[in-house]
Every structure is written in structure tokens, then in C-alpha cells.
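Student: In the order they appear, the protein sequences are chains U and P.
Residue numbers for the first sequence follow numbering that gives the first Met the number 0, beginning at 0 and rising by one.
Residue numbers for the second sequence follow numbering that gives the first Met the number 0, beginning at 0 and rising by one.
Hints are computed from structural coordinates only; laboratory data are not their basis.
Certain hints may be false.
Straight-line distance between alpha carbons at most 25 Å, and here's what the computed SDA-like set of lysine to any residue pairs gives [unchecked claim]:
hint : chain 1 : residue 1 : chain 2 : residue 2
1    : P       : 281       : P       : 252
2    : U       : 98        : P       : 11
3    : U       : 98        : P       : 159
4    : P       : 98        : U       : 145
5    : P       : 11        : U       : 248
6    : U       : 289       : U       : 248
7    : U       : 98        : P       : 84
8    : P       : 11        : P       : 122
9    : U       : 98        : P       : 158
For the chain P half of the interface with chain U, some residues (derived, Cβ under 10 Å), not all of them [unchecked claim]:
hint : residue
10   : 118
11   : 125
12   : 283
As the structure is a prediction and not an experimental result, all values here were calculated from the model.
Using N, Cα and C, we set each Cβ at its ideal position, and we do this for glycine too.
Protein chains: 2
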Amino acid sequence: MGILLRAESALKSHFQLAAGVGAPPQLQAAMQHAVFTGGARIRPQLCIAVATACGDDAPELTNAAAVALELMHCASLVHDDMPAFDNADFRRGQPTVHKAFSEPLALLSGDGLIVMAYRVLLQAGAGHAHRLLGLMDALTRGVGLPDGIVAGQAWECETTADLAQYQRAKTGALFVAATCSGAIASGHDPAPWRGLGAFLGEAYQVADDIRDVLGDASNLGKPAGQDVANARPSSAQALGLDGAIRYFDSLIEKAGQSIPDCTCRDMLAQLVLLESERLVPKSMCQSYRKKTSASRTTSRTTSRTTSRTSKLAAAPR
Amino acid sequence: MGILLRAESALKSHFQLAAGVGAPPQLQAAMQHAVFTGGARIRPQLCIAVATACGDDAPELTNAAAVALELMHCASLVHDDMPAFDNADFRRGQPTVHKAFSEPLALLSGDGLIVMAYRVLLQAGAGHAHRLLGLMDALTRGVGLPDGIVAGQAWECETTADLAQYQRAKTGALFVAATCSGAIASGHDPAPWRGLGAFLGEAYQVADDIRDVLGDASNLGKPAGQDVANARPSSAQALGLDGAIRYFDSLIEKAGQSIPDCTCRDMLAQLVLLESERLVPKSMCQSYRKKTSASRTTSRTTSRTTSRTSKLAAAPR
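Please model the complete structure; the sequences and the hints are all you need to start from.
Tutor: This is how it looks when you write it as C-alpha cells:
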């Protein structure tokens, strides 16, 4: 079974088991909507890939760790989409949870998914107490204070925030949890796998910033232009679009280089490259560069008229 | 040190340790506001009291369990107060988190507190892996699907809900987690302690319903009349006020009777009675009964004029 299929199948079975019997039907439906309406499943895939590289001698624990990571990710999306934050109507091309159900149910779905992530681990880890506690610790660090994804999101509420710290927390933290969890689930030291998660996580956030400016809503599955609209820190604004794309490429390269020596090094490197192309397709960059170049030529002939894109590209680095 | 002081002191030290260094200042302040603006600390007290009855041979683990329960409780209050639910301006006589800070920070504070509860346990349980996993399981059941407090709150979003199931989940579940956690933290079987948590939890919810009708905002520390305003299932409406008060008294009696034989039985029984008086003061009931009686007399003389209170009291049981 491929990694993505394995992740998807584990999500289905663990969700059902962890929901138990007799939960309020609307809440359960809203949580299902949050989890099972698409999604690249990159965090669980990363976890499973690293576990495979580490021998994967406890595959059920690996699956549970992968599922817990995705549930936390989905919880953060449900809450981020709510009117208090992005007020987004669509996610992954489907109505967001608060639109499809209600705001109260979106709020509770996020809470329910966070707790369900722990329940999934607890239900799978009976035979591996030590590894289980390691997985819970990695997950908790990836989500909570001081520098998990909840803290990352909260940097948006501060008047000043360090861009790198914000990105490490908002996206990087759960990627680090993903690579570390793959190692822990297989009884390995997570330390050598931190780099892969950190570089890929930062690349993911930079890609999100790039796509927020370049992409259209149909490609993103959510509205574009949210960073400017919500005055969020963004690489595309800090480095300019050209700079952000170069930075993204350098992070992908570092992610590839950080993979420890193991029999699965090529498979992991391939996963990183595929993910890179999915995140920021080369065709998209080429198309942007053509446009910018054309815009520069026009700008030269029409004096000081510049497009919004080229303004951002010329922003201070 | 008394139980309340011990709970309060543990909350302060564990919160600080679990918040770590470098979290976004506004988020940390909002979470502190959620936890340290009063509160009866009944769940942590109950946990510590049961642990004491069970020998309390790992007091640091007991303290962590007590703190984790209170953090979950505070998280639920922050989210319940938000505009999507009660839209409450005050809690414990202070501005609610979304009023004192903002809606985004209230949303994230709740999420952060849920995850912090697990972090507190993980930081304290290193030497007691088996008990730690038991505590996490009890906490997770008390909060998540299918019948923890998140599910309880979600029953309010259903078109039909069983009152007893709703109350067991909305309030009872975390009380059961509290008594069970006290036993687990001390290496005891939690089963004999479930009853105490369940009866006291249900009594607490019935008391909340009674006070929502009888109490004024200054006594409650939050607005009264919320059950009717939000069309929530309520004992006071299902049983009438007289019936609800009798039901409350019977639950307190059952809670006292359920305490297993132990050297601390009297102390625990005393705690239950004190809590009962705090929740539904006898003076409040007497005052209500006088008013109802007067209202009935007036009603007899002025034909069909009845007060809102007596209408509720006469509601079908």
C-alpha cells in the first residue's frame, strides 16, 4: 500500500474508533467534514515515510501517530477559518465547517479533534508505553505553548512578530512533530530527523505565502490574498516574490540534504521534491516571471506604472 | 496546606512551567486571565481529596492531574463564553477572555489550555508511566467524544437531546475524571470513585440550572437567565424549580453515600456538603419558597396572574 493510501485508511479507521458510540450526531458529522474533505495528508505521509526509514517495527503506532498529526492539523484549519480569524467560506474547495454546520459546531469540532488526537494515540499505544509518551510529547510541543502551531497563530495577534519565529511555530512545529513522530514510533532517536521537518515546514509556509499572492482561489481551494487582507507576516512581502521563491528553493534543497543516511534516503528525497512541485509548481513561477518581465518592459515604456505583483517583488528584502 | 491552597499553588507553578519561554505575550496573558480570575477549583479539590483518601503517594502527580482538570475546565469556559455560544461579557465577575482580549485570542486560549493540560501531565509523570497513561485516558474521556464535556456542549446544537445524557456529558464527565484521577494518581483502582464524581457532577449541573433561574448576575458572576435565552435543556424547566431543588438534594445525598469506606470518608462527606451549600444555599431556596408561596396566595386572589418563577415551578416534570 502506498503511503498516502495507508494514511487515508488509518484516518478512517482511527476516527471511527476514537469517536466511539453515542456522540452528538451533528458534532461527529462536523468533525468528519473537517477531516474527510480532501487534504494532501503531507504530515501523516511524512511521519509514515520517516517511520519506514527507521524500520517501522510498530506500524499500528506509526499509523496512530500519523492520524493524530492530521487531526491536530484539521483542528487548526477549522478554527483558523472561523470568522474570528480568516472568515473563510471555502477550504479544500468545500464549504468550511462553520459554513456547512454552524459557528458553535466549528468551535466544538476543533476542540473535539484536538482531544481525539490524544485519544487515538492512547488507544493504539498500550504495548509501547515509552514510545507513546514520546509521541504525546512531540505532538504537544508541535501544537501548544511556547512554540507550537497555536502559538504560531497567536503571533498574528501581536503588534510585532519575528517572521522566522512566526513561521517556525505556525507551520514548522507540526512538521517537526511529524518527522520526529515517525522516528519515535519506530523506537529511534528523533533528533536526526528534526531538520527535515523544520526545513520542509518552513518551505511549506513560504510556499503558502507565495501562493497567497500568485495563486487564484480555485488553485488554492481557499481565497487568495488573505495575508494582505489580514495584515499577516508573509515571506512574499518581506522578501519580494522573487526572493521568496529563491528562499523556498533553498529550503527544499536543505530539506533534501538533511535526510540522515538510511536505506530510504532516495524515497524521502523524492517525496520532498514531489511536495515541492505540488506546493510551488515550476510552471507557476515561470508564468509569474514572464508576467513580471513583461510588466517591467511595459513599466519602462509607460514610465511609473507597475502591477501589484511587481510592487511586491520589489519590496525590501 | 489546605486542599484549595494546594490546588491554587499547583496551578500557578504548573502553568508557568508548561507555558515555557518565548510564547506570544498576548496569548499567554489571555490564558492566564482565563485561569487566574477566581474560580471555586472544585474539580482539582475533588481530585486531591480522593488522592488523599487513597494514600497520595505521588503528590506531584496528583497536583498535575488536579491542574490538568482545571485547565480543561477553564478552556471550556473560555469557548462557551464566546459569541458563538453564550456571548457573555462577564465570568467570575471579570470580563470574559474575548472581551478583555479579543475573539481570536479567546479561541486560541481555549486551544492552548487544552494542549497545556496534557503538557502538565507529561511534565510531571516521568517516573509513573502507567499511572500517567491512566490519567491521560481519564482526562481524554472526560473532555472528548463520545461523552465528555465537548460532547455535552454539542448536545445544545442538536434539535433533540436527552436531558440526563446532556448533563452527564456537559458537567458530570469532568467530575468523574476528577475523582477517578485522584485514585489513579495514587495507584488505586478508579472504579469505586466514579459514583462520587457522577452524582456530584450531575448535582452541579442541576444547581447551575437552578441558579440560572433563581440567581442574580452578581451572585452568579455571569448573566442569569441564559438557559431560557439560549433554549438550553434545563432541569429547572423539565422538573420545575421545586422539583429541581429536591432532585439536587437527592443527588447530594447519593454523592455522600457513594464515598467508599476509607479513613477520609468524613472529610469527603464534609466537602460534598460544603459544596452543596455553596452551589444552592439553603437561604436562597427558602427565600424562593416564601416568594412562591406569596405568589400562589396572590394568584388565588388575583385569579390567573402568575409570576415567571411560579410558571416554571408548575412546569411538567
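Student: List in ascending order the numbers of the hints, as given earlier, that are violated by the structure.
Tutor: Structure breaks hints 2, 5, 12.
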